[in-house]
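Using the hints, position chain X against chain S.
One letter stands for each residue in the lines below.
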Amino acid sequence: VDGVASTTLAVIRGGVRTAARRAGRRRVVNVTDAERLASVVTGGALAAFALRRRSLGGAMLGLLGSALVCRGTTGHSTVYEAMGVQGPAAAVPGTVTIRAPVEVIEAVWRDVSGFPHELEEAELRCTPLPAGRGTRVDLTVARASIETVTETLRALKQLAETGEVATTAGQSSGRRRGSRPGRSG
Amino acid sequence: MRAVCWYGPRDVRVEEVPDPVVVNPRDAVVKVTRAAICGSDLHLYGGQVPTMQRGDIMGHEFMGEVVEVGREVRRVRVGDRVVVPFVIACGRCEFCERGLTALCDNTNPNAWMAEELYGFAGAGLFGYSHLYGGYAGGQAEYVRVPFADVGALRIPDGVSDEQALFVGDVFPTGYMAADRCEIRPGDTVAVWGCGPVGQFAIKSAYLLGADRVIAIDRFPERLEMAARDGKAETLDYEATDVHEELRARTGGRGPDACIDAVGMEAHGSTLDAIYDRAKQAVWAETDRLHALRQAILACRKGGVVSLTGVYGGFLDKVPLGAGFAKGLTLRMGQTHVHRYMAPLLERVQRGEIDPTFVITHRLNLADAPHGYAIFQEKRDRCVKVVLTPWDQRT
Numbered sequence: 001v002d003g004v005a006s007t008t009l010a011v012i013r014g015g016v017r018t019a020a021r022r023a024g025r026r027r028v029v030n031v032t033d034a035e036r037l038a039s040v041v042t043g044g045a046l047a048a049f050a051l052r053r054r055s056l057g058g059a060m061l062g063l064l065g066s067a068l069v070c071r072g073t074t075g076h077s078t079v080y081e082a083m084g085v086q087g088p089a090a091a092v093p094g095t096v097t098i099r100a101p102v103e104v105i106e107a108v109w110r111d112v113s114g115f116p117h118e119l120e121e122a123e124l125r126c127t128p129l130p131a132g133r134g135t136r137v138d139l140t141v142a143r144a145s146i147e148t149v150t151e152t153l154r155a156l157k158q159l160a161e162t163g164e165v166a167t168t169a170g171q172s173s174g175r176r177r178g179s180r181p182g183r184s185g
Numbered sequence: 186m187r188a189v190c191w192y193g194p195r196d197v198r199v200e201e202v203p204d205p206v207v208v209n210p211r212d213a214v215v216k217v218t219r220a221a222i223c224g225s226d227l228h229l230y231g232g233q234v235p236t237m238q239r240g241d242i243m244g245h246e247f248m249g250e251v252v253e254v255g256r257e258v259r260r261v262r263v264g265d266r267v268v269v270p271f272v273i274a275c276g277r278c279e280f281c282e283r284g285l286t287a288l289c290d291n292t293n294p295n296a297w298m299a300e301e302l303y304g305f306a307g308a309g310l311f312g313y314s315h316l317y318g319g320y321a322g323g324q325a326e327y328v329r330v331p332f333a334d335v336g337a338l339r340i341p342d343g344v345s346d347e348q349a350l351f352v353g354d355v356f357p358t359g360y361m362a363a364d365r366c367e368i369r370p371g372d373t374v375a376v377w378g379c380g381p382v383g384q385f386a387i388k389s390a391y392l393l394g395a396d397r398v399i400a401i402d403r404f405p406e407r408l409e410m411a412a413r414d415g416k417a418e419t420l421d422y423e424a425t426d427v428h429e430e431l432r433a434r435t436g437g438r439g440p441d442a443c444i445d446a447v448g449m450e451a452h453g454s455t456l457d458a459i460y461d462r463a464k465q466a467v468w469a470e471t472d473r474l475h476a477l478r479q480a481i482l483a484c485r486k487g488g489v490v491s492l493t494g495v496y497g498g499f500l501d502k503v504p505l506g507a508g509f510a511k512g513l514t515l516r517m518g519q520t521h522v523h524r525y526m527a528p529l530l531e532r533v534q535r536g537e538i539d540p541t542f543v544i545t546h547r548l549n550l551a552d553a554p555h556g557y558a559i560f561q562e563k564r565d566r567c568v569k570v571v572l573t574p575w576d577q578r579t
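Heads up: the protein sequence lines correspond to chains S and X, in order. All the letters of the first sequence, read from the start, carry residue numbers 1 to 185 under the working numbering. All the letters of the second sequence, read from the start, carry residue numbers 186 to 579 under the working numbering.
No wet-lab data here; the hints were simulated from the structure. Nothing here was measured: the structure is a model prediction, and the numbers come from that model. Cβ coordinates follow ideal geometry from the N, Cα and C atoms, glycine included. Warning: the hint list may mix true and false statements.
[As the list claims (entries may be wrong)] Have a look at the derived ranges for each label pair, beta carbon to beta carbon:
(1) S:73 to X:232: 36 to 42 Å
(2) X:301 to S:101: 30 to 36 Å
(3) X:426 to S:95: 48 to 54 Å
(4) X:301 to S:128: 27 to 33 Å
(5) S:106 to X:201: 45 to 51 Å
(6) X:305 to S:41: 40 to 46 Å
(7) X:564 to S:73: 31 to 37 Å
(8) X:305 to S:73: 27 to 33 Å
So here's chain S without its partners, still in its complex pose (with noise of 0.2 Å):
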């Protein structure tokens, strides 16, 4: 594989882009373990005190329980995420089996890897597999969704077999109209 197209450049960052778009609707974890802790038997110690307390006080108490244990059991803080605090650099691992020799796949990665800047801490190992079964990839981004790290070693699987990426980007429907003039005029 020598050089990869601009266009399939293009064609892979919308993929990572709808990838993080899919992730954006999971929470992400942002609280470490051990504030998560403290956060469910805080949580845990006020709710049990405020329901032996049958007041509007007491009711308050009980919500502000739940939702410390909700914050610890999730590991998702909203005033975290509405501060910008960004959560422990958990390594987030993938894996895919490639139909190439290692160094095919190598000079892929190096054409693609420095984007988006969530790969820039990536982690790409390559393990030949018997039999011409392959290489085994296995990629670990720290700080990155699950998702990203899949559509990432799809995409590289992809260039890699195939030497293009997948995509129905662009083609036509009857879904927007007049956009350019017909072939049958």
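Just chain X now, with coordinates in the frame of chain S:
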């Protein structure tokens, strides 16, 4: 260009849409000269397949002339007359190299959807929902064909457009259904469903050495076609008890192999069929499987049940116990079209089979909505509709 677009259940329209272009280096653009409406298009038409979007271009059974190629396309050239398989395959992944092109790793841009639903993703298909890649289909004046070198097959002189058309889908689909039955001399094969795929399964079972083929349906015109063109014995499931009749006709042992060419919208007149329809109506079950149940129960011990009709989701009350007790082999899956195309086109060229026998209606592309309606409702003795985008006669 004009194209058949999907707008909702039972709502397809011929619309003016932008022409397709070469996007990737291994793409070609084909000017469509013949496109068929496939029985599986009716699942989209009826709204049973999720992930369709308004404006999606339909059609996965088509052929035509190459008018543009990407820079990496080598085997086909501008001007070639080609038939295109409905499965899009890269030709280089592990599954393509094993000949299992319907399982191609690399052609479904929405692989994540299929992975969430099925665990792993198969190949992208033309015009068959976003779950299968969201590719624009071939019921149009032009179509973009990805991986054209792998798929598009040049049609030899002496084979007409109509004769070649079905080599891209229903002929290999029926053939593979029979191929999976491991037919031996003297075998009897029963085929549920005498739509176009069933008709080709019947023909193929004979081509592969079956002694007898028993065709099961309820529409007289389809049973007539199976008897006249397919030389099959016929069985009307509304007139007889299928299980007892098959036993009687096979000396009490059951058919050696059973082909389900019906799939997830089986119609039936017995209690289990009504139960399925009710559950499907409330989405408690996605697939109706009357034909499959009968096939599993009717098949002889140690036989093969070959599923070629499409299933999409979850099944209820599958008599798996009967299958286990009788040591059946169940085989299923989307057709690996690529590996059958060249040999089947040769059979057509040699005159061993003329696939045009299934065609009952020839319509202009503009009349596609009418074609869908009569095919869906089995009106006007409709078995197979062929659309001609460029022929102005209707």
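Which hints from the list above does the structure break, by number from lowest to highest? 7
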